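Protein sequences appear in the order of chains A and C.
Mapping to my numbering: the first sequence position 151 is 305, numbers consecutive.
Mapping to my numbering: the second sequence position 117 is 725, numbers consecutive.
You can trust all of the hints, since none of them are fake.
With beta-carbon atoms standing in for the labels, derived distance ranges: (1) Asn457/A x Lys841/C: 25 to 35 Å; (2) Leu381/A x Thr630/C: 35 to 45 Å; (3) Phe780/C x Asp283/A: 37 to 47 Å; (4) Glu474/A x Thr660/C: 51 to 61 Å; (5) Glu474/A x Glu867/C: 10 to 20 Å; (6) Val839/C x Asn457/A: 25 to 35 Å; (7) Ile337/A x Ser863/C: 55 to 65 Å; (8) Gly492/A x Asn762/C: 54 to 64 Å; (9) Lys324/A x Lys841/C: 21 to 31 Å; (10) Ser859/C x Gln193/A: 55 to 65 Å.
Simulated from the structure, these hints should not be mistaken for lab results.
Note that the structure is predicted; figures quoted are calculated from it, not measured.
Using N, Cα and C, we set each Cβ at its ideal position, and we do this for glycine too.
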Amino acid sequence: MNFDDYCGVWVFIEQNDGKIEGVSLELLGAGRSLADKLQVPLSGFILGDGIRSLASQVIAYGADQVYVIDHPVLKHYRTESYMKGVIHLAQNYKPEIILYGATPNGKDLASAVATDLNTGLTADTTMLDVDVDKRLLEASRPAFGGNIMATILCKKHRPQMATVRPKVMKALAPDSGRNGKVIEENISLKEEEMRTKVLQIVNDVTKKTNLADAHVIVCGGKGMGDLQNFQLIHELAETIGASVGGTRDVVEAGWLPHEQQVGQTGETVTPKIYFAIGISGAIQHVVGMKNSELIIAINKDPNAPIFDVATYGIVGDAMEIVPALIEQFKSLRTEKGGEVSYV
Amino acid sequence: MHIVVCVKQVPDTKIIKINPKTNTLDRRSAPAILNPYDAHAVQEAVKIRAKTGGSISVLSMGPPQATAVIKKSIEIGADRGYLLTDRAFAGADTLATSYALSKALERIEKDLPVDMVICGKHAIDGDTGQVGPGIARRMDIPPITSVIEVTEVNPQEKTVLLKRKLTSGYEFIKSEMPCLLTVEKEINEIDYSPMPNMIKAARYEPIIWTVNDLENVERTKLGLKGSPTIVGKMFTPPRPEGGKKLEGTTSQQVSQLMEILLEKKDLFTISKA
Ligand SMILES: Cc1cc2nc3c(=O)[nH]c(=O)nc-3n(C[C@H](O)[C@H](O)[C@H](O)COP(=O)(O)OP(=O)(O)OC[C@H]3O[C@@H](n4cnc5c(N)ncnc54)[C@H](O)[C@@H]3O)c2cc1C
Ligand SMILES: Nc1ncnc2c1ncn2[C@@H]1O[C@H](COP(=O)(O)O)[C@@H](O)[C@H]1O
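Bound conformation, chain A alone (with noise of 0.2 Å):
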């Protein structure tokens, strides 16, 4: 395997319904950088039916180029399919990096490459960088339950490709002026052959509540002691038209379903603010808040890790100072006559 032959950073630009999934800008605004760094160009690419307008989208985000596979038989994504294309693409123009969302899709699709591709694929990474003497991805993922961090290299196989977690890379300010190239590949597709058949797919939205949107998050603890003075967390996100979170620990205790985890095994969030109160800030929790804007935290312990991550921290007791704030927006709303919200 001649090394000097792959060049290029990559990024898969997942769509579902013709809509880019979020992760696919952040990991263009975090290949750019990667791409910058190692002075090569940065390419997106897209599959799927009826796409092809989507790659001004991709370019506005931070690409130089995007490769572009449009065909019926790729409307919806499939392993065998999309593994196809992604071959292709990857055998003809060599790509020394690859990125994925680590979506299920996203982690689906890269573990079946790897395997073709006979090359290493980190998983959930959330941290990247490159050592650019050796050409080296450097990407780093919790490990061990997310206690550490590793960082995992692959130096004698090409191309290197990483899955990484969504929220935790920052997309860039499209620029709709930038300009950059569109590629059409073409590659022979039979739906008689493929062995798998999406029959329905069906948008849960109900389920999910949307805690990975939301502008404004209270997120409550162990710390809030029951149940019943849970109902306090409901409040406040009720007075304030904030989305309610919780620990590992809360959802453990059956106070909340568990699509409303914050953290490494649950939801990673970014909102502009964030009220985590009686959390004590493990590290599986706070990987999946700490890059929200403004994080309050409160917490009756001084010392409580979650103080490190917070922009401002009030030691104290929940039962007390959740009221308190309960009961000041809500003469606000009284004062002025409407409702608390977020725009």
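On the provided structure of chain A, position chain C with the ligands as indicated by the hints.
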């Protein structure tokens, strides 16, 4: 119907301890268990067998102690178990693991054709979820990951209907068999093991294979040698600096907080109802 379930022995990461000096796992702190997702995989195979008949084999690669997870699988209801154990397999990453397991599956298939392989969503020690799709590619059968329901299995037509989890919802997939599934925890509840299973498990001796029991193996694809990824370094996540702590009595603190929140004008506004 013959189902093979891949099961892995893992340290229980819920109670794991890390040696802060060496940044390595303190093995004594972590009891070895059957990977929780794999327990659900075995349970699902038991549910399918109840409808279609047939048998369940489990396959594990690991040190000799990993016989424990095979016994555990027999308890849940598997019929037989294979343990792949050899120095040659040590240090394998997901690529080398899927290679070794697929070679073992080839050998199992010689005795009894395989209709379905089931893996866990991921192993809690590595958290990758890459081994399942890797095995499927090597066997050239379709992988269907993140399965939350096996809706229908039709052994005559050799098809299966599955519900698969997506980022925002789920989808129904129809696949030809043989195929490989990876399953989420919500797919089922683990039943209490019936007494006869417990007795069978206690006495059960798994079939043990070393690398010499596998055919046409390229040794360079096994273990550490066959693993493209390596761990560069281990480090404790950087500790972020904290922000400001609000001082004073409770009501003073609350007023300060209100000021901060409202000062950022774009954060909260009052919209007239
Ligand atoms: C593999 C693995 C994955 C994990 N994944 C996740 C995950 O995704 N998400 C997650 O959250 N956790 C996860 N955890 C668990 C995590 O390690 C912590 O155990 C958990 O986050 C702690 O939850 P907590 O902060 O609610 O409870 P605790 O740690 O018990 O903290 C309660 C806090 O409340 C404070 N408190 C008590 N009373 C009051 C009061 N009256 N007023 C104010 N403060 C008060 C206490 O001082 C304390 O700091 C995971 C763990 C492992 C091993
Ligand atoms: N050593 C192993 N022996 C048997 N099965 C394994 C092994 N490693 C991984 N698997 C299977 O692959 C799944 C995913 O593992 P991983 O890709 O390591 O997260 C597990 O849930 C198991 O079903």
